[in-house]
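Protein sequences appear in the order of chains A and B. One point on numbering: in the numbering used here, the residue at position 260 of the first sequence is 1670, and numbering is uninterrupted. One point on numbering: in the numbering used here, the residue at position 129 of the second sequence is 687, and numbering is uninterrupted.
Calculated directly from the structure, the hints in this document are not laboratory data. Any given hint might turn out to be false.
Claimed, not checked - Simulated DEER-style distance windows between Cβ atoms: (1) Arg1455(A) <-> Gly564(B): 43 to 49 Å; (2) Ser1518(A) <-> Pro723(B): 44 to 50 Å; (3) Val681(B) <-> Ser1602(A): 35 to 41 Å; (4) Ala1454(A) <-> Arg615(B): 42 to 48 Å; (5) Gly564(B) <-> Arg1683(A): 21 to 27 Å; (6) Gly663(B) <-> Ala1672(A): 31 to 37 Å.
Glycine is no exception: its CB is placed at the ideal position from the N, C-alpha and C atoms.
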Amino acid sequence: MTGVSAIPASQPEGLTTIEPIRLPRSAIFVDAVVIARRNLIGIARTPQLLVFATIQPILFVLLFRYVFGGAIAVPGVSYVDYLIPGIIVQTVVFGATSTAVGLSEDMSKGIIDRFRSLPMSRSAVLGGRTIADLVRNVFVVLLMIAVGTAVGFRFHNGFLPAVAAVFVALLLGYCLSWVFAFIGLTVADPESAQLAGFLPIFPLVFASSVFTSIQSMPGWLQAFAKVQPITRAADTVRALTQGGPVAANLIWTLLWSIAILAVFAPLAVRRYRHG
Amino acid sequence: MIDVEGVSKSFGETKALVGVDMSVPAGFVEGLLGPNGAGKTTLVRILATLLAPDAGRARISGVDVRTDPNTVRSLIGLAGQYAAVDERLTGRENLVMVGRLYRLGAKLAKVRADESLERLGLVEAADRPVKTYSGGMRRRLDLGASLVGRPQVLILDEPTTGLDPRTRLDMWSFIRDLVAEGTTVLLTTQYLEEVDQLANHSIVIDRGVVIASGTSDELKARVGTDLIEMEVSAAELDRTTAALRGIGCGTPIIKRANSHITIPTCVPVPDLMAAVRILDNAGMVPVSLGLRQPSLDDVFLALTGRSTDDDGPSTTTPTSPQPARSPA
Chain A
1411 MTGVSAIPAS QPEGLTTIEP IRLPRSAIFV DAVVIARRNL IGIARTPQLL
1461 VFATIQPILF VLLFRYVFGG AIAVPGVSYV DYLIPGIIVQ TVVFGATSTA
1511 VGLSEDMSKG IIDRFRSLPM SRSAVLGGRT IADLVRNVFV VLLMIAVGTA
1561 VGFRFHNGFL PAVAAVFVAL LLGYCLSWVF AFIGLTVADP ESAQLAGFLP
1611 IFPLVFASSV FTSIQSMPGW LQAFAKVQPI TRAADTVRAL TQGGPVAANL
1661 IWTLLWSIAI LAVFAPLAVR RYRHG
Chain B
559 MIDVEGVSKS FGETKALVGV DMSVPAGFVE GLLGPNGAGK TTLVRILATL
609 LAPDAGRARI SGVDVRTDPN TVRSLIGLAG QYAAVDERLT GRENLVMVGR
659 LYRLGAKLAK VRADESLERL GLVEAADRPV KTYSGGMRRR LDLGASLVGR
709 PQVLILDEPT TGLDPRTRLD MWSFIRDLVA EGTTVLLTTQ YLEEVDQLAN
759 HSIVIDRGVV IASGTSDELK ARVGTDLIEM EVSAAELDRT TAALRGIGCG
809 TPIIKRANSH ITIPTCVPVP DLMAAVRILD NAGMVPVSLG LRQPSLDDVF
859 LALTGRSTDD DGPSTTTPTS PQPARSPA
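Between the sequences and the hints, there should be enough to build the whole structure, so can you do that?
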């Protein structure tokens, strides 16, 4: 926390030797907290955005629970218990797209330029943004569980697995935030970022086990649906909340999350550094 | 304090800067003049460590922007035409955040934020979200944000573009105070009047190249001190131009598009009176007639033969024996 400020502006050139500034190791944490705080204040002061963001998954719950649900047969469990774990995963994935919108908004308003011109950690702007979006996702997931419970969803597998289920979903959401950070920094205007965020998400969410069993899909689609992260995460959350074998899906979900983070976090930071 | 040597930067095929040199001593205000797209912002972004130059070297207080950007960042403050403040935060929250990111402790960041708010007359609005601020207040807050780190060098990218005249005067007085305290300023602007008011020295860039440098008086001397400007009916344009030959001390500039005649003059009032007598004797009445100070556009036209808002060769037709294009 030293710096700059030690040199008075009025000191004429030649009398001062400029000490090179080394960012302390703690800079990334300190700065990420500053940025996360800023973004959370922003989220809290625009509750209408949060409301709109939660209306959509609530509509999905109502639509699939009461309109399509009767026509969808899933093996072993009641449809509402099948649906809500899927909805939780869908919610965190859609929630992660807000990272793209937020960052591209900051880019287009010049705030990213201000951050880039400050002696702060290069990764902290993205770290702070993704952490703030994670906190936002925690709120939305808890809300969806409440809505799910209201329409008949129940945890049938005990408390700790239920907590683990929420953690798994949030982890995937957090790692996906880095994909959207990269997209947001690349696209640079909020409307396009929104669209560019949804494009890859749509096939992943719908060609998955979020709403229905993948058994009824044609073979080629089933092959895709079976391996992709959203199916794995939805099945993990389902097993953790309803019981059943969990290990394989859990491991796949964790591997996917780590792989996504390992690829996109460096890409996003690189994109941030080089503008 | 600011040393730029042979800096070049291209974006694909477009050469944004070509071998730009600039040297600004400590405590000086350097004006950086040029039309949109001249390369001003590219130079600002290089000095603010947002872009790396392709060639050449740029240093702030002797520190290279490319090899030691973090030290440079701790020495500079950046404020610009796009007030880069968070609309959802209050003014105070914005400044404290920037203070923290300048690596100040929490307490010091608060103190500096208060100082900045006081200085820029934003104390009353300090705890309101910025989205309730007027454009001028946002711009002041943006300048305030660049001050919380007590920068040695302030980089101002068109700080008054789009501001109303009163807010512009306020901004000028803030900048003057900072200079009085020893801050070195790079002032990017499209207004000659602004460098006239604030800058010790200026450079003019066009298409990435420095085409002139000097004090604002020296720059204005390229056009003559004042200008007689008149609008006539299109039919009378050639006749009027011919009648007024011999008036003024430079090459008249004729804009056919809107039938404007602009005559540089070294003795404004006698020249204006002489012009009126000639027109009166010939029975010609212009649509409008007046004296004005030269603008950046006039300097630019004198230097390049192009208007600042032109891209093509020119919609300006030089009339008169000598060509309007003067050596740059």
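Hint check, failures only | Of the numbered hints, just 2 does not hold.
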